[in-house]
Structure formats: structure tokens, C-alpha cells
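Asker: Sequence:
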Amino acid sequence: HTTSFAYTLYGPDHWDLRDIVAIVSREEKAVGSSQGHIAAETSPHFTTRLAELPARLKTVRQAIRNRDIEALGEAAEADAISLHVVAMTSRPPIYYWAPGTVRLIHAVQAWRREGVPVYFTLDAGPNVHLICEAEHEADVLTRLAGIDEVSEVLVSGPAVGTRLTDDHLF
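Under our numbering, the sequence shown is numbered contiguously, ending at residue 186.
Rather than coming from a laboratory, the hints here were simulated on the basis of the structure.
Backbone N, C-alpha and C define an ideal beta-carbon position, used for all residues, glycine too.
Take these hints with a grain of salt, some might be off.
[As the list claims (entries may be wrong)] For lysine to aspartate or glutamate, the following EDC-like pairs were computed, each having C-alpha atoms within a straight-line distance of at most 16 Å:
(1) 74 to 90
(2) 74 to 95
(3) 74 to 86
[Said to hold, decoys possible] Computed spacing ranges between beta-carbons, pair by pair:
(4) 58 to 158: 27 to 33 Å
(5) 149 to 178: 21 to 27 Å
(6) 125 to 180: 41 to 47 Å
(7) 57 to 171: 32 to 38 Å
(8) 105 to 154: 37 to 43 Å
(9) 105 to 125: 39 to 45 Å
(10) 170 to 84: 20 to 26 Å
(11) 84 to 58: 34 to 40 Å
(12) 35 to 107: 14 to 20 Å
(13) 122 to 183: 43 to 49 Å
(14) 86 to 175: 21 to 27 Å
(15) 25 to 129: 27 to 33 Å
Whole structure, please, built from the sequences with the hints as guidance.
Answerer: Pasting the structure below:
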């Protein structure tokens, strides 16, 4: 899309966050994201989601600037649920979640009650992204190992963005 773009807010040294992706399903989605975008417009919650996005984006930018994991996490969770409410109330409804998705959402909430500052987010699929600061990565990974529905875990953190290089990649 001509209106879609990205730019760096801060360098990779600004905040040592982790995106820990808990894979609960490798199955191909029954409804692809492109079809989901079209169906979204049929949801009674679609316009509300769009109206909320500018304020949520402002909150996320502010949270990143201030390194505020709670504000970032709460906004990420609210956005993920908003996205899936739209999908689930589209015509026809789209259900991307798997049983492991729900189990992980509940687990993340329980871990926070136990003092681990970790938050979830979701894209259009069943797999769950867990957002935490680097100092909590090992704890989160240990806890994920105890969840049967998680078949694989991927971890990423801040890095230098896309760039041209003369270096060999392999």
C-alpha cells in the first residue's frame, strides 16, 4: 500500500526488549490475511478499531520512548484483542486462535500476577508473541517449556535495521 511505511524511532541500543514467539500451530490459516482485511470491513467493531488506533499508536510511541513495559504491553494486548474481535465478528466470522492461543493468554496473565512483566500480542494467526525485557527472557522461556501446546519458540530482539552491505551473508 502506498500509505504503509516504517521508520526507526530509536536505535537498537535504546531498549533491550524481547519478542518471544510461542508457536502453537504451523498449519496454514484457513483464511489468509488478505481475505481477512476484506472481511474486517463487515465487522460492527471495525470503525471503532480504526478510531482507537491513533491514540493507541501515540501510547506505544510514548511507552517505547520512556521504556515503559507496562504501558507498551497493555497497548499491545488491547490492540491484539481488538484485531481478533474484528475478525471474529466479521461476516463470515474468522477464528484464528487455537486452544494453545487461549492457554498462553491465560498463562501470561498468571505470570504477571506472579511478578513477571510479560505481555502478549497476536497477529492474524494462532501463535502468540510474548513481549518482555531481556532480563526476563530466561524466566519466560522456562515457563513456556512447561506448556504442552508450544511446539517451538523463536526469540528476537532489537537489531540494526535494513542496510546495504558489501559483506558476504554466509
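Asker: Does the Cβ-Cβ separation between residue 84 and residue 58 fall within 34 to 40 Å?
Answerer: About 35 Å separates the Cβ atoms of residue 84 and residue 58, which means 34 to 40 Å holds.
Asker: If you check the beta carbons of residue 25 and residue 129, does the distance land in 27 to 33 Å?
Answerer: 31 Å, holds
Asker: Mind checking the alpha carbons of residue 74 and residue 86 for me, to see if they're no more than 16 Å apart?
Answerer: Distance of about 15 Å is within 16 Å: holds.
Asker: For the range 14 to 20 Å, tell me whether the beta carbons of residue 35 and residue 107 fit it or not.
Answerer: 32 Å, violated
Asker: So does residue 86 sit 21 to 27 Å from residue 175, Cβ to Cβ?
Answerer: 24 Å, holds
Asker: Take a look at whether the Cβ-Cβ distance between residue 125 and residue 180 falls inside 41 to 47 Å.
Answerer: 43 Å, holds
Asker: Return holds or violated for the Cβ distance of residue 170 and residue 84 against the range 20 to 26 Å.
Answerer: The hinted range 20 to 26 Å holds for residue 170 and residue 84, with Cβ atoms some 25 Å apart.
Asker: Can you tell me whether the CB distance of residue 105 to residue 154 sits inside 37 to 43 Å?
Answerer: Given range 37 to 43 Å: holds, Cβ gap about 39 Å.
Asker: Check the following: the C-beta atoms of residue 149 and residue 178 are separated by a distance inside 21 to 27 Å.
Answerer: 24 Å, holds
Asker: Taking the CB of residue 122 and the CB of residue 183, does the distance hold inside 43 to 49 Å?
Answerer: Between residue 122 and residue 183, where Cβ atoms are some 44 Å apart, the hint holds.
Asker: Mind checking the alpha carbons of residue 74 and residue 90 for me, to see if they're no more than 16 Å apart?
Answerer: Holds: residue 74 and residue 90 sit about 13 Å apart, inside 16 Å.
Asker: Lying within 39 to 45 Å: is that true of the beta-carbon distance residue 105 to residue 125?
Answerer: Because 23 Å falls outside the window, the suggested range is violated.
Hints 4, 9, 12, counting from the list given before, are not met by this structure.
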